[in-house]
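Please assemble the complex out of the two chains, which come individually in their own frames, going by the hints.
For the record, the sequence lines run as chains A and B.
So for the first sequence, our numbering puts the first residue at 1; every next one is plus one.
So for the second sequence, our numbering puts the first residue at 255; every next one is plus one.
No wet-lab data here; the hints were simulated from the structure.
It is possible that part of the hints are untrue.
What the hints assert, rightly or not - Distance condition first, Cα-Cα at most 25 Å in a straight line; then the derived DSS-like pairs of lysine-lysine: (1) B/Lys328 x B/Lys478; (2) A/Lys242 x A/Lys177; (3) B/Lys444 x B/Lys295; (4) B/Lys504 x B/Lys322; (5) A/Lys83 x B/Lys356; (6) B/Lys280 x B/Lys471; (7) A/Lys169 x A/Lys83; (8) A/Lys169 x B/Lys356; (9) B/Lys295 x B/Lys443; (10) B/Lys504 x B/Lys478; (11) A/Lys247 x B/Lys443; (12) A/Lys177 x B/Lys471.
All of these numbers come straight from a predicted model, not from anything done at the bench.
One letter stands for each residue in the lines below.
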Amino acid sequence: MIRRMDIFRKPLVYILLSVFILWILLFEFVLPQNNILPRPGIVLISIPALFEDYHFVTNFIITISSIYFPGILAFLFIYSIRKYIFKDSGFLKYFIQFVSQIAGFIPSLLAVILVVYWFRNSFLIEYCFSFLISVLWWMIALYSAGKTRNEDYFAAFKSLGANMSFLDKYILWHEIKPVIFRKLFRFHLNLWLLILIFEFFENMYGFGTILKRTVEYNDLSALVLMSIIIPFIIFLGYSLIKYLENKYIFWEVE
Amino acid sequence: MINQENILEISNITKIFSDEHGTKRKVLEGISFTVPVSSPKITSIIAPFGAGKSTLFKIIAGIETATKGEVILKKEKYLQPNGKIVLIPERSSTLPWLNVRKNIELLYRLETCRKNNGSHDINELIALVGLSGYENHYPYNSSFGFRFRISLARALLLNPIVLLLDDCFRKMDVATREEIYNLLEFVSKKVDTHFLLATTNIIEAIRLSGRILLMSKAPGRIYKEIYVTDEHITDYNDSRFNKYRQSIEKAFSEEKQLGSINFSI
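Bound-form chain B, shown alone (with noise of 0.2 Å):
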């Protein structure tokens, strides 16, 4: 009965890597969650560095094969990447030689865009993530945040169920960074899709999303969720916000990640 609720349900993922010289190392051990309909539109991942955020979802995206376990979307196991989980990496994924309309479009040259999902008008995504005025401008040289609002637009054309944020703010400034999150909690209440994610920062964590799973490294698992229920704090000194993040620090300290963990704005 739970399971007809949920978009997404990660079930019992484990990954096991296998060096040239016959050597395993598992990465991921028996990591399940779910992401009920009811969920907050953003739901984040705190793990540390090298803890497998990156090898998660690619297993949920698709790419990667899972040793065990199964990703299953709205009831159907995700086998094959078909446009309906989109993941935006940790770096900058557009393409330097096109400029912001031509990214978004090549899209459009892809049978999972021509069969059904490419619904949105690209004149509208370019405005809702803010980038009228700049259709011609190439990424190269840009900063990150305008390269994140290409990927992000690129990403929306497919009308995805499920969009994976892999640390893709690490690299911004602080200033870029608040803009980003006050784009990406505006357009999540514009769209229908979900937001999964991966951070290595507890702030942007509190920020963004109303679920937080903590994650471990070596081998990665879900440990604790946590659920922000004080909607857009965006004061990081209110007593709200500290609550939070002194809540992920102590599950952190209790699981001895905490030396990776970056608590920084």
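Here chain A stands alone, though its shape is the one from the complex (with noise of 0.2 Å):
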């Protein structure tokens, strides 16, 4: 019944192993001196210069707990909001239809440069960010998820005596797990970017910093380095998300 993790069968996944094999046979054996990219050799020994001059872990922890915690708080705050979101009705249904839309018309990316011009040099602005970020997206994805639900559930259960509060809990939620699982994955590629590009605009801590340094001192290897390092732990993201699909939900919506 579980489902194999199915990321190396992407064909994503196959193009930037090959990048890189092709990369390391190119710039490290065949081409050595050029003015394109450094030699593989040259990124590995820059790996120290990655935690003394650009305080490497700092900046991950502050990326990642910027990106995770907030997320799962968000999670926990809907979650606890839940019924309210099904309800499907009053001030919440015509602010999430809104958020929506809105959405739909303003790039992210604009959104993530007011917020920087407008709270510059303010530390907490990036948890806040990312909150509100992740607790709109949870309310949408909670909210276009319940509108899928089995009506014949509904149907079943109230004629048992089921109350909503009694569906809410243990027919709708577990009903729409396939569906937000299978928004997740592209959530978090999304948040990943935001933040990233917050930390690069904002200039003070984070992956974002970091790159935007590497840019200005020209330092080319520790970008590559990055480079690599960022999809990696991305890709472990994704692979924890999909453990965690993989675990708890194993069947598929009908």
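Here it is as structure tokens:
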């Protein structure tokens, strides 16, 4: 019943792995002296510099915590108010519909730039921004997933005497899990990109700031190194979500 | 006097739906029938697709409100669903994330179950529907027959007075359907519950029920009632079987409803 992790079947992973191997072969052995990309050996040597000059550990903690901590907190908040979201009526319904439509028109990148511009040099704003984006995402995800519910479950359990609280807790919440997980993979990637862009413009902490500094210092080795490390960490996050999906979601939506 | 002997009384049910433009559509019109204490344990309603069977069953189960009319269960108006009239809908209502036992046990969390009705033993129910040994199986990817057995056991846990089966066998293959027919006949003899079956299949209705109500389409209304007095006809080529079949076909053709009824096994 448990579905296998299918990440290695994705063509993108094969392409990235091929590019990586090609880079090692081409720039380590065939073209060690060039003005295009640094030698893999040089990149390897620059690892200690990444820790000393760019404070990798501190920035790693800040980026990771500003993605996953607010994301989980936002989930817990939305989970606690899920019955109002599933209710599909009142102020919350119109708010979610409004936000969904606005999100379609205003690019996230513009929102990032505006927030950085308004709250420059504020350390906590990155966490608040990530929390806000996550709350809105979870809210829209739950709302739209709730719309795909199987009315027959509701009819059957209502006739058995179930009230809305029972239906939300024992039926609908479980029913929408596969839909939520499917959406979560894309959101995970999007949140990473938004936070990296945020940090890039904010220029205070995080991987985005390291990327900006490597560009400013013209440090191609560190830039290449970060370009390998960041997708790898994103992949680890993806794998964790995939693991949870395989463990807990073993059925398909009917 | 007659009312006192009825388990279920459906009185003049009319349902009108309105769309967002305010256009009204009458789905059910003045549906009235009774299920007396003495009536056969399984009663069928045959109707074409789109006649409003599901709407009627939802109204009977108290999930949907009727525009006009009322449902009376054992002399009391049935206004709120409380597990005394239970519906098994057309699509599967078994929860794929719970195994067979937990699908049934979930009802212990319901107040209706705790209060009075949940008197059946789960192991007995599982055995009754033929799922002994499958308690830990998950219904995901299982046959419609397997899922129906779970739904049936779960519904019977509450010891309902009436069990509504809304075209539950339509998606099953012929062999599974025969198995389920036998199961339903067996179960109906073992429990006090009366079964009300909505179907588009004439064969199914004759095979299972002692009483058949014919329902027309647009708007749905009951226009004929046929009693199957010969018990347990399992041979579809039996002359008695054909007698009922012809009489139902004739009634449908008179009402010009024939095109959307299923005559096949």
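Hints violated by the structure (listed by number, smallest first)
4, 11 and 12
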